[in-house]
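With chain Z fixed as given, assemble chain R onto it according to the hints.
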Amino acid sequence: MLGPDIQWYVILSALLFSTGALGVMLRRSPLIILLSVEIMLNSANLLLIAFSRLHGSEDGQIFAISVMAVAASEVVVGLGLIVALGRRHVDLDVDRLRTLRG
Amino acid sequence: MVDTASWVCLLLPLAAALAITLAGTRPSRRVTAYVSTVTTMGAFVAAVIAFIGLLGESPDERVNTTTSWTWLSAGPYHFGFTLLTDQLSIVMMLIVTGVGSLIVAYSVGYMDREDEERRYFAYMSLFVFSMLLLVQSGNLLLLLAGWGMVGLSSYLLIGYYQERPSAIAAAKKAFVMNAFGDATMALALFLLIQHTGQLDYAGVFAAAPQSGAVANLIALGLLGGAVAKSAQVPLQTWLPDAMEGPTPVSALIHAATMVTAGVYLIVRCHTLFENAYVVQDLAAALGAVTLLMAGLIALVQTDIKRVIAYSTMSQIGYMFVGAGLGGYSNAMFHLMTHAFFKALLFLATGLAIHAVVGEQDIRKLAGVGKLMPFTKIVFLIGSLALVGIPPFAGFFSKDPILGEALARGWFGITIFVVGVVGAFLTGLYAFRLYFIVFTGEPSAFAREHHHAHHGKEGPFSMMWTVGTLAALSCVGGLLQFTPFWDPLTHWLDPIDPALAEATGWEELLASLLAVGLGLAGMFVAWSIYAAKRRRAPKPVTLFEKKFYWDEVYDLVWYRGAEVVTRALYAFVERPLIAGSMSAVSQAFGLGSRELSTAQNGLVRSYALALASGIAVLTVVFLAAR
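Sequence lines, in order, name chains Z and R. If you count by numbering that gives the first Met the number 0, then the first sequence holds residues 0 to 101, one letter each, in order. If you count by numbering that gives the first Met the number 0, then the second sequence holds residues 0 to 624, one letter each, in order.
Isolated chain R (complex conformation):
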């Protein structure tokens, strides 16, 4: 039952993508939207059935692999098209298809009357399929295929508004940076094939080198892929630009699912990372740097979607900290609650943007909350969950990560300090956004351009999905409350045992500090942006320029490549390659012109040449004999 259900779950979205693409313009736009929605929901139902099937198995035997055919054979190596359904992948399947179907359903209203709705829904279905392939794959090769395909669908969807040059540029940027990660990951897989001769998870984890340079290189290559996909330092610059895509795309791909694939990779391959503890610490350190940096940048951004994008980077930073410090189930739990509340934030933002003719600048959107009370409430819920105020979801998932850090020595404590500072920043930037956009008097722009949808804030398809996500952000966190009850940790324990357990006191300290600092951040935001007791400080240029990452990359890679290319053109191509070509042609031209004078048109001279040639040959042959 489990195997069948996982095949159905994987193939339904693919079938939808193919059907929508092949049907062309025959079905109406609405029909394609519903096909996409229904198949994604069908995939969710299949995932639930698989989950129920897993529940019926004993905890140690919840690993179901099913191979349809041998996908690739090369010499002694055979890689099957294998699906793996176990405790970890079922969690991801449920998140991807569950949140995915809500967001696709939301798109029915959001993308209504777009010119190319069908293309949008085909891409969305393709993305859901690719993401499922990534999480359901039974070996690393198939995972890499899914990894590349989510990059492709992300590229297609970021560049959905193809008439906008900035969207195309953002799509290319995302694709290139992800391709870098794909490459390092492929290198890691080559090393694994060389040293273990296979890529099946179980076999690789058993046979991989336990320590040494090779183990470090493998983990580093995988980390490169994870960092690029999850937009962590130093490959983070593509994510804010990816906000050029439609808002539901930002919610599904660039908040809830695809960008968390890096966390999934680390958790899935935790054995390989534990063999290279330096690299695993590096993952945690990169996560800490990212969460701090993204929080600082989010303070000064003026585009509402970019602020949320930076908060996504920051939250994934927490997940990297969790996974890097060995608290795998904490990271997965935060991944899940983050999918709820970040999708909620994006979709609520989408409601506001939809109502105000696509405007995303928070100065123009200011005060729109007064016109949209429902959006205001759900955005508040999302923000509270993001900051981690109990009883909203973020509290239950973020604090165990910080508590776990306390249990990991001085390195963990350093990261803990960064994490709680990040919690303060989260409160500050999240509520700066909330107070500016959703409280106070509406700006002239908002009043002028706001238009209600038949007297409501949005079409039904957008309202109920946002409502569901708001409910999940309220109660989703109650699934687990360490150290009192922890079904998720228990569920994941057979495949992802945590490296260290935080004591109750450490959990308490972490929670108190994180919540306290989060509240402090909210208070500062309130006093500046709502009560206006203090004037807003001047934005720091360093933050506004996003720590100059784009400029540095431009200088190093683009300018560097330009200099090298120009030098190659001037010193190699023009003199050597182009020069030698023209010399050859000139030589042939000259030679032929000289030779052509021999053909003078005098038949008798030809005859003479012929006769004398024969005479010479005769003499030569006679002499040679």
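The following block holds chain Z by itself, in its conformation from the complex:
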């Protein structure tokens, strides 16, 4: 098998996932949060493809493609929301967008 061993992929994926999760939790701009979510999704994609290659089956690749499709639609909705907020001159800070509270 070409390329590095499977554990390198796992480590890279874990690093990417942590980066994304920290981004979601620490940053305030909705745009960055959306990006971080995309990073988390893609870390999962990386694992799917790596294991797919390891096991020699295409299931993981198909899953990865589905995840990408979902991620793309999510970005459409998310970016649409952010643009709508920006147009209304709302402060783009998730900590201040907290009208949906109990």
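No lab work stands behind these hints, which were simulated from the structure alone. Since the model is a prediction, treat every value here as computed from it, not as a measurement. Incorrect hints may appear among the rest.
[To be verified] Sample of chain R residues facing chain Z (criterion: CB under 8 Å; computed from the structure):
{"hint": "1", "residue": "Q598"}
{"hint": "2", "residue": "N599"}
{"hint": "3", "residue": "G600"}
{"hint": "4", "residue": "L601"}
{"hint": "5", "residue": "V602"}
{"hint": "6", "residue": "R603"}
{"hint": "7", "residue": "A606"}
{"hint": "8", "residue": "L607"}
{"hint": "9", "residue": "A610"}
[As the list claims (entries may be wrong)] Distance windows between CB atoms, simulated:
{"hint": "10", "chain 1": "Z", "residue 1": "V82", "chain 2": "R", "residue 2": "S595", "range": "29 to 39 Å"}
{"hint": "11", "chain 1": "Z", "residue 1": "V82", "chain 2": "R", "residue 2": "I613", "range": "23 to 33 Å"}
{"hint": "12", "chain 1": "R", "residue 1": "G590", "chain 2": "Z", "residue 2": "V9", "range": "41 to 51 Å"}
{"hint": "13", "chain 1": "R", "residue 1": "M580", "chain 2": "Z", "residue 2": "D94", "range": "39 to 49 Å"}
{"hint": "14", "chain 1": "Z", "residue 1": "L14", "chain 2": "R", "residue 2": "M580", "range": "51 to 61 Å"}
Glycine included, C-beta positions come from ideal geometry on N, C-alpha and C.
Positioned in the frame of chain Z, the structure of chain R alone reads:
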């Protein structure tokens, strides 16, 4: 032939009731009245045909049962929709349809121009059907169905004047008291099913327990139903109030037919009562108490219909005495003659009430007889028959009951004494009524409000029916004159053999005493109310208050229930039920309010919670492995 005729007899009135109800307001009022009358008469013709058919059969085989379909099936028990036509039920069928068609025909004139004549006639037909179902049923279950349905029609007809609160109250009272009897009867039927596994008359009578507690309980339950339906002590208070209904209803339901159903039940189920002789004696004792008490109350009532209602109670008391002492055919004979003369009394009263714009107070009606000679004569005939003066009907039927009592030992003699005292009271109250209302100068009220119907005392439909009943009250008693000829006793003998035969001397003694005391009562009434030789004694409060039965029931049941309900409300419902409900709602409210603060709208804190949750789960799963 007999079977077909009995089905026709049963279903004709039902068809009339359905047709009148479904036709709504399309047919004119007169048409509905005639539909009801003609179908009831048709039922009478069918009953006569069935009777002729029975005559053609040999005496031991006069039991015709016919089942149309299995009405109820439950496990191993099957109850058919069975009609039984035998010697006893044919007598009842003839009385119900015969007297019934006369009274329905009378109603054509009496109810003329009432607002809701159609409803009245639909109810009347329904009643005739229910009563026929009761007497024609071939098993006790169907009898119970008829029993309940006559109670329903009685309720509907007592409350016919639905704009009058007193009528509605009376209807409810009658229904509730009858429902009590229905319940005890249903309990008796449950016991019978448990112990015999069936409810067909013949099977039940053969298999029922011969003695012991169960036999007593069965008879007691049936007696409860009979006592409630026939307005005997202690369930008698509904009958006088039932006089709120139209007068023909009082004549048909509360004098001639429905209230005598209790007597029919005892006679029909005499085997079950003979198995429990204590209960049968109790029936006779209750009848004796009732006939005495009702006679005393009737002395002081001022409402003409209530006086007759109390006399009905009293006469049914005689029938209970007859049936309770085992003289079944005597009781049935008195039931028959009573149907004639009591219907006559009510219908004659109806003529007077009709002519004096619905007034029922005897002080206001006083002297109306002078304006209405025909009514006066027929009322006199009815009263003489009621008191039992020969040759009128009551004499032939009441005296054998008393004679039979003499043949039954010390218990019978006690009841005999009560019975002859009752005969005295009957003479007194019947002729108090007659002398006050029908003799003497008309009161100012009667003169002012009396209006003749085209120069006659009433419309033709009312006159000919009253005339027929008067004729029957004169000659109806001649059907049987114990001990000389007794076709009715002979006719009923195969199914209802008497427990004891009175000797000729006992019959004679009973007749002499009863007639003598009846005449004495009439004489006292004459000297007080007609000749005015003596001043009328002050009415006894105890009698005016009807022996305080209503008050006692009010105290025990109504007040008792009220106290219990109030206590339950104060000590159970408010603290426990309502309290626990509000505590639960408060707890949920508080909890949700606390929980809602967790939803603070900070997306990043949600993400943190999510991440830490996953972290914890991961650790847990790793540790668990």
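**Request:** Against the structure, test the hints numbered earlier, and report the numbers of the ones violated in rising order.
**Result:** Nothing - there is no hint that the structure violates, so all of them hold.
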